[in-house]
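There are 2 protein chains.
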Amino acid sequence: MADHPEIKALVFDVFGTVVDWRNGVARDVGPFLSRHALAIDPFEFADAWRREYTPAMEEIRSGRRPFVRLDVLHKENLAKAMAAYGIDLSSIPDDELDELNHAWHRLDPWPDSVEGLLRLKRRFMIAPLSNGNIRLMVDMAKRAALPWDAILGAEVVRAYKPSPQVYTDTVEILGLKPAEVCMVAAHNGDLAAARQCGLKTAFVIRPTEHGPAQQSDLHPTQAWDFVASDMNDLATKLGCPT
Amino acid sequence: MADHPEIKALVFDVFGTVVDWRNGVARDVGPFLSRHALAIDPFEFADAWRREYTPAMEEIRSGRRPFVRLDVLHKENLAKAMAAYGIDLSSIPDDELDELNHAWHRLDPWPDSVEGLLRLKRRFMIAPLSNGNIRLMVDMAKRAALPWDAILGAEVVRAYKPSPQVYTDTVEILGLKPAEVCMVAAHNGDLAAARQCGLKTAFVIRPTEHGPAQQSDLHPTQAWDFVASDMNDLATKLGCPT
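Line by line, the protein sequences give chains A and B. Just so you know, we're using our numbering here: the first sequence kicks off at 1 and counts up by one. Just so you know, we're using our numbering here: the second sequence kicks off at 1 and counts up by one.
If you are wondering where the hints come from, they were derived from the structure by calculation, not from laboratory data. There may be inaccurate statements among the hints.
The list treats identical chains as one, so a pair stands whether inside a single copy or across any two.
[What the hints assert, rightly or not] Dumping the calculated EDC-like pairs for lysine to aspartate or glutamate here, alpha-carbon to alpha-carbon at most 16 Å:
(1) K237 with D139
(2) K142 with E172
(3) K237 with D41
(4) K80 with D94
(5) K8 with D139
(6) K142 with D233
(7) K121 with D149
(8) K121 with D94
(9) K80 with D108
(10) K142 with E52
(11) K75 with D88
(12) K121 with D139
(13) K8 with D95
(14) K8 with D149
(15) K237 with D112
(16) K237 with D169
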């Protein structure tokens with residue numbers, strides 16, 4: 001078992017890495033679509049909603065728009081996804097849209113996440129470094145028993161990954177050197193941005209994040225410091241006892 | 001047992017309310033003074049160090065100085081306290097000063113704090129709303145098993161209590177209305193500032209925070225929404241089962 005005494009904190013991508021957003025969102029989208037007699041596949045709708053995620057954040061990363069939290073972007077993206085399916089937004093009460101928007105607060109962890117995080121927490125500081133806002137992360141953690149030591153991420157530093165500021169400001173808040181912090185993610189792009197800022201990197205493979213036909217992020221695209229099959233495997237590779 | 005369904009989140013002052021800073025700081029100051037053959041009472045030194053706390057933050061609250069985290073102010077305040085005792089700062093290695101400065105990361109909770117917080121956490125979101133920085137709060141929580149749902153406070157909003165911005169920005173981050181958030185503190189001044197911003201208020205009496213001869217904050221100075229003798233009593237008054 002490796003030891004890695006230099007690493008003091010692990011920071012985690014959440015959507016896809018710690019929790020299964022696609023099944024969780026589709027689970028709440030399904031009854032919503034049925035209630036409104038809309039014959040749309042909930043998984044396709046979840047994918048359409050998620051496709052708006054990167055462009056919406058890019059407006060803020062580019063400086064064209066001031067920072068707003070992800071709950072706001074998710075609600076706007078929901079409207080865009082509905083419009084793409086020709087759904088009349090004005091026919092749906094705003095409370096119902098807010099309730100659906102909170103599907104992102106109610107995502108289930110992958111089966112290994114809680115046990116793996118509990119093992120990692122005994123040796124390291126653990127915190128989300130997600131683009132999700134603080135309240136979203138708190139609701140998710142309370143529902144799913146994710147044992148975070150703190151909620152870090154986009155809203156704390158008022159910037160979205162993969163902007164370098166997110167990684168460097170987080171390292172500074174933790175009072176550590178970049179190499180003392182390890183970014184954990186199921187996405188090569190997130191790890192590449194973290195490595196550029198000097199952080200250690202751990203790739204956790206999540207081959208069904210995007211469903212059974214997933215094409216991306218099935219393999220590491222660089223020689224990351226750690227590659228793990230799930231969160232328990234990562235705990236083992238970082239020397240954390242079961 | 002009261003119910004209070006309107007309250008969704010409890011935010012806590014920490015130094016004095018959740019943890020006993022005076023005994024904790026004196027415990028680390030004692031060996032430091034002995035090592036340097038300084039005949040100073042560790043409790044008096046802790047009090048002198050703490051006396052620099054409010055003036056240091058006032059520089060930032062007033063806008064005369066940009067925000068810096070409390071670890072930085074504590075270190076500067078340590079130098080001031082040492083100077084007041086005529087201690088030659090240049091005679092002490094900087095690593096040793098940093099180590100002593102981290103006494104604030106190693107404070108013990110009052111005997112009722114952990115049990116009370118665990119009860120409150122089952123019903124409410126709970127987070128520190130302290131002037132302490134994020135890393136300080138994380139170190140303290142990991143050592144003392146404080147079960148926070150998130151680390152909020154000065155560093156997240158980049159302002160120091162009792163500036164109104166600290167309370168209002170925190171309410172906004174929580175996605176709540178002010179009356180859905182209750183400030184918990186052993187200090188009437190903190191509660192008065194929170195009430196001005198529309199938050200609910202809970203006074204927890206800590207009659208020995210400043211030692212056996214404490215004169216301040218022995219009684220509520222306004223009719224706070226809740227007055228409790230300790231954190232367990234607060235949990236009972238907020239309707240949380242044991």
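To see whether the hints hold, each was checked on the structure:
Taking the closest pair of Cα atoms, K237 and D139 never come within 16 Å of each other, the shortest separation being 29 Å inside a single copy and 24 Å across copies. In this homomeric assembly, K142 and E172 never come within 16 Å of each other (Cα to Cα): the closest approach is 27 Å inside a single copy and 19 Å across copies. In this assembly of identical chains, the alpha carbons of K237 and D41 never lie at most 16 Å apart, being 39 Å within a copy and 48 Å across copies at closest. Only within a single protomer do K80 and D94 lie at most 16 Å apart by alpha-carbon distance; the minimum there is 15 Å, versus 56 Å between protomers.
For the identical chains of this complex, K8 and D139 are inter-copy neighbours only, at 11 Å across copies versus 26 Å inside a copy, given an alpha-carbon limit of 16 Å. Taking the shortest alpha-carbon separations for K142 and D233, neither the intra-copy value of 24 Å nor the inter-copy value of 23 Å comes in at or below 16 Å. When the C-alpha separation of K121 and D149 is checked against a cutoff of 16 Å, the pair qualifies both within a copy, at 8 Å, and between copies, at 14 Å. In the homo-oligomer, the alpha carbons of K121 and D94 never lie at most 16 Å apart, since the shortest distance is 39 Å inside one protomer and 30 Å across protomers.
When the C-alpha separation of K80 and D108 is checked against a cutoff of 16 Å, the pair qualifies neither within a copy, at 25 Å, nor between copies, at 51 Å. In the homo-oligomer, the alpha carbons of K142 and E52 never lie at most 16 Å apart, since the shortest distance is 27 Å inside one protomer and 38 Å across protomers. In the homo-oligomer, the alpha carbons of K75 and D88 lie at most 16 Å apart inside one protomer (15 Å), although the nearest pairing across protomers, at 59 Å, exceeds that limit. Taking the shortest alpha-carbon separations for K121 and D139, only the inter-copy value of 12 Å comes in at or below 16 Å, while the best intra-copy value is 19 Å.
When the C-alpha separation of K8 and D95 is checked against a cutoff of 16 Å, the pair qualifies neither within a copy, at 43 Å, nor between copies, at 19 Å. Proximity of K8 to D149 under the C-alpha cut-off of 16 Å is restricted to the intra-copy arrangement: shortest distance 13 Å within a copy versus 21 Å between copies. Proximity of K237 to D112 under the C-alpha cut-off of 16 Å is restricted to the intra-copy arrangement: shortest distance 15 Å within a copy versus 38 Å between copies. Taking the shortest alpha-carbon separations for K237 and D169, neither the intra-copy value of 27 Å nor the inter-copy value of 40 Å comes in at or below 16 Å.
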